[in-house]
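Going down the list, the protein sequences come from chains F and V.
Be aware that the first sequence starts at 1, since it is given in our numbering, and climbs by one per residue.
Be aware that the second sequence starts at 1, since it is given in our numbering, and climbs by one per residue.
Hints are computed from structural coordinates only; laboratory data are not their basis.
In this text, a Cβ means the ideal position worked out from N, Cα and C, and glycines have one as well.
You may find that some hints are simply not true.
From the derived model, a few chain F residues whose C-beta atoms are all more than 12 Å from chain V [as the list claims (entries may be wrong)]:
(1) I165
(2) D580
(3) E649
Listed next, the in silico SDA-like pairs over lysine to any residue satisfying Cα-Cα at most 25 Å (straight line) [as the list claims (entries may be wrong)]:
(4) K590(F) with T489(F)
(5) K162(F) with E39(V)
(6) K4(F) with K162(F)
(7) K437(V) with G156(F)
(8) K312(V) with G172(F)
2 protein chains.
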Amino acid sequence: MNDKRLDFLLAIHNHQPVGNFRSVFEKAFQDCYRPFFEEFRKHIGLKLTVHFSGPLWEYMQAEERVCWNLIRELVDKGRVELLGGGFYEPVLSVIPEEDRQGQLEMMSRFLEKEFGTRPKGAWLTERVWEPNLAKTLARAGIEYTLLDEEHFHYGGIADIHKIYITEDEGYGLKLFPIDKKLRYLVPFQKLNDVRAYLDSIRSQGGLAILGDDGEKFGLWPGTKKWVYEDGWLARFLDFLESEDIRTRTYSEVLEAYPPEGRVYLPPASYEEMMEWVLEPQDSEIFLKLKEQSPPQARRYLRGGFFREFFSKYQEANHLHKRMLFVSRRVRVKGDAEARTELYKSQCNDPYWHGVFGGLYLPHLREDAYAHLLGAERRLPRESGWQELDLDLDGQAEVMSQGEIFGLLLKPSSGGSLIELDYYPLSRNLTDVLSRRKESYHARKAAGSNDGKSIHEISKELPSGAERLFRYDWHRRASCLDHFLHPATTPENFRNIDYREQGDFVNQPYEFKISGTSLSLFRDGHVWMDGERVPLSVQKVVIPRDEEILFRYTIQNGSERTINIRFGSEWNFYQIPEEWDLGATDVRLVKGKVILEAQPRPEFWNFPLQTLSQSEQGYDIIHQGICLLSNWKITLPGRAIFSAEIRLREHRL
Amino acid sequence: MNDKRLDFLLAIHNHQPVGNFRSVFEKAFQDCYRPFFEEFRKHIGLKLTVHFSGPLWEYMQAEERVCWNLIRELVDKGRVELLGGGFYEPVLSVIPEEDRQGQLEMMSRFLEKEFGTRPKGAWLTERVWEPNLAKTLARAGIEYTLLDEEHFHYGGIADIHKIYITEDEGYGLKLFPIDKKLRYLVPFQKLNDVRAYLDSIRSQGGLAILGDDGEKFGLWPGTKKWVYEDGWLARFLDFLESEDIRTRTYSEVLEAYPPEGRVYLPPASYEEMMEWVLEPQDSEIFLKLKEQSPPQARRYLRGGFFREFFSKYQEANHLHKRMLFVSRRVRVKGDAEARTELYKSQCNDPYWHGVFGGLYLPHLREDAYAHLLGAERRLPRESGWQELDLDLDGQAEVMSQGEIFGLLLKPSSGGSLIELDYYPLSRNLTDVLSRRKESYHARKAAGSNDGKSIHEISKELPSGAERLFRYDWHRRASCLDHFLHPATTPENFRNIDYREQGDFVNQPYEFKISGTSLSLFRDGHVWMDGERVPLSVQKVVIPRDEEILFRYTIQNGSERTINIRFGSEWNFYQIPEEWDLGATDVRLVKGKVILEAQPRPEFWNFPLQTLSQSEQGYDIIHQGICLLSNWKITLPGRAIFSAEIRLREHRL
């Protein structure tokens, strides 16, 4: 045993997403944040570095004064150093630089005002790193951040028990590598194991550097009992006081030691994140490769990087590009309130999916859109149709934003409606999630969960999950044009147990704007008895003040008669209590918005549900309803079928 | 055979570094650029996309009017599309954003003025990509660039025969993947092989996309004969005209097809570059891993990224950080001329090393420093000592810039002098290269070079190369404090065949600035007969107008007598004709700068030479001279030895 004391740097990161349920905030403080700091306070020899994200600071300030005062006391005593970061916990690399600066400054000012000092360090959301963030953070007055040890391995750095420095455009930023082994030991393993590992760090003359989610201390499944009732935390803090260990804040250590060297690190996050971002089949290949490769391969074997979530999930991409669109306008024309709304919409959780719900949680997505639309309500609206490449795929979308409704259509993919906003409620009515394969869908195993890291918990799929394993072959957008065999049943449609007879659903439409109307048209085909028969679809979209008209004209392009079921598919983000089906219409948002069709259609519908993993296990989540307004039609040679769908606000 | 014509996109990138010998420019036009375009002109059905870097445009405009007019004619006829890029061919990711915009705009304006249109596409220097460059290029009005197929593999994209689009902060940029196989086929393989490969692309319905160095057509070893005299190029262009192929410019193709999809690509360059950046031992491991891994591992197995050259080569890092320092000042206080000097210094070649000389070529480094110092000469000089972390390693350097001399010292590493500038000649006198292990030093094989890609040429090391395999254990900086055994010979020192008795050379010194003098001191040790004896070194640096004093005070910290040889090591970038050794002094830069020491020392010296690879084979390069001003001293207990080294300008 070495006679030198080991410097132990402990950083705790606490976060709840913007828009999470109030009950979750309450429970988090009660079961986790408050008891943690109450226990910590008793161990007067210890120091800690702490990050709360903005949503928690705002909630704590208003509702949790006990915890607030406790933190203040610990800061005043010099026992706690507070970390900055983007106020609403955005992934910095995927928001515009101006917003990065705005969010970082918002947090620094908040901490300065409430606790007396601007932060020197920043917690980097999900440790999502790109090399140019050194400049971003340094410009914001931040001197250091914490990254995962993976980042350093990729940069060829073996010793993760040291401080490093990186550089971008001449801006320097100091970096602390988070020890992954410590992350798995605390608070899940026995103190003897922790001691043995710390001894090994001490014997190499290194620093013990840990930064991790505070929710591990009481909020993750099983941890409340383990950490508090069974006394793990008290014993651990006793241990830190009694042993040859000196807990220090990150800033104290920075003043004590110069960086070990300058490093350049490629984009990365923690190891699991870089696997989650991969498509299921890729993730399988990657995991196998890692298993089969020698340890020295670790540096070179890399999964995906965060931005690829926008390739993996089109809904995450949509939210992201919509946010960028609003950001551009807020920066030019927005006031402080619009800016705050924008920043709230940038909270990272609904933009991705890993072991937590994230993107799969409708209430988080709903809230993100609510803030985006809230920001737009504070901006001058541009009238009429606008053509723009909103999602940056190199093809034009078409947008119309009125006082009541906002519309976004994608001609290049089915001439579909990819966003329908209802401004009076700041609600994106089409915010649903398509059902897609996830790598964990293939997994089936049982196990005990006591005191295990959430990453180690084996999970069992809920019974009946099989019926959810119907993956959508197209995006669950709206105004999608299906041509089905007349014998297709609602059950067939729901189960995706039918053959699409047309080539319209996700195929390119041409478009033309004339005055207030947008015309979308496609000369396509339907398959009839093994024959490809020409057929054209035209839909004209006419937004008026309180309603929107969708006028269909379908023309048989051949001399033969076409017998077919034509359906216009709409997917609405609605919980079951919000909508119902009338005799001739569909009432949405508790009757505030009504969809009518004529001639009188059949309305097929089914709930759109997904199966996703969460920290608890698996969740079956109601994403909304799928509605098919459909007509069985017979079209003689060259004949035309016309129909109309009308969406209107119904003032109650 | 498909009846559809294959779109063939050929882009040629021509570049010579700022500061390269005039003879190289002449030869390049004569053997390569001019004959290439003369041959191309004859094939009137063909189209081409072309990039010349700024140094070539400037040379061509002044000296090569035949070629200039030929390009103009081809542009006017719509047969050639010109590409933009950073004017002096900087690696964009490692220069400040303001300079990126300045260099891109400089090129766009140049092309607009001389050829009538601003470029739509940019050649990305060495295809060094980082995700935020999408914003950089789009802001500069650039719509597309070319990347290597590796970039796309890392992003999980298998089909490299398509156009893609990427996004950063809401800015879109279209991307063309360069086909590596085509890069190896053209102009090195038989037309039948080219034809077979193009047929395979055609059968998949893809685009054939090639972008590569123009120097492959006549300047690379053996290619002049192969490409022109043996007629490869004429046959190839005939083939492109006669076959079912349509050559198109990149912009034409962009107008014809929408992008295949949006992609997010991590930092990368071409495959070889990402190996070159690795340390020799890492490169070996990496290459073995790639060999042993299955093809689907390709996406996940990644070498280093460009910025790591600054970790690998401290001299590249020094140039880079020095450039960033000058850039900061030019942006605040510089005029247009200072800006042009800065931009010239950013030319990529001396910042890295791969198969071409780059960093190893003293004349390129000399020129980069000349432009940096040239920029500084146009800026107001700040007088006195400045403390700053110029190289961003988290520790302070100390700088003094006068009218004649500029000094940069690094207390944390031997209190060494890491830069000595002589402003009247805009010359960094200490710009040498330490000798380090390179992965190709281990290689030894012979082979024939006819018509082979430069990457396939096996090389033989020159005889006598072994004696260069002495790797330096410390940076070849100056004012380094050695303590040697009294019996050490100059030969021992030269061959690094001695034991360092002191702990000063690269160890931390403390420092203090008082008025015009800088004091550096270290309480260290010397090893005497197996015993560690305390000894302190103080050096006081006093810059005056036309001279600089270095005053040494060495004190024995023990009661015992110390017999030792003390030497102050200096490394100067001087070719043999520039310097000579007088009776009591060393005359540098043809006598313009004189180094004197007293008491009268012994001056040991040897040429500092490196062994590096180049496109021709191996080069033994004279990097400068190593000079050890040394004194055999006997220090009784507590005694002091004083010496002085004076550098002065000698006006002839």
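Right, here's what the structure says about each hint:
no.: 1; hint: I165; in the structure: 4 Å, violated
no.: 2; hint: D580; in the structure: 38 Å, holds
no.: 3; hint: E649; in the structure: 31 Å, holds
no.: 4; hint: K590(F) with T489(F); in the structure: 28 Å, violated
no.: 5; hint: K162(F) with E39(V); in the structure: 59 Å, violated
no.: 6; hint: K4(F) with K162(F); in the structure: 16 Å, holds
no.: 7; hint: K437(V) with G156(F); in the structure: 17 Å, holds
no.: 8; hint: K312(V) with G172(F); in the structure: 18 Å, holds
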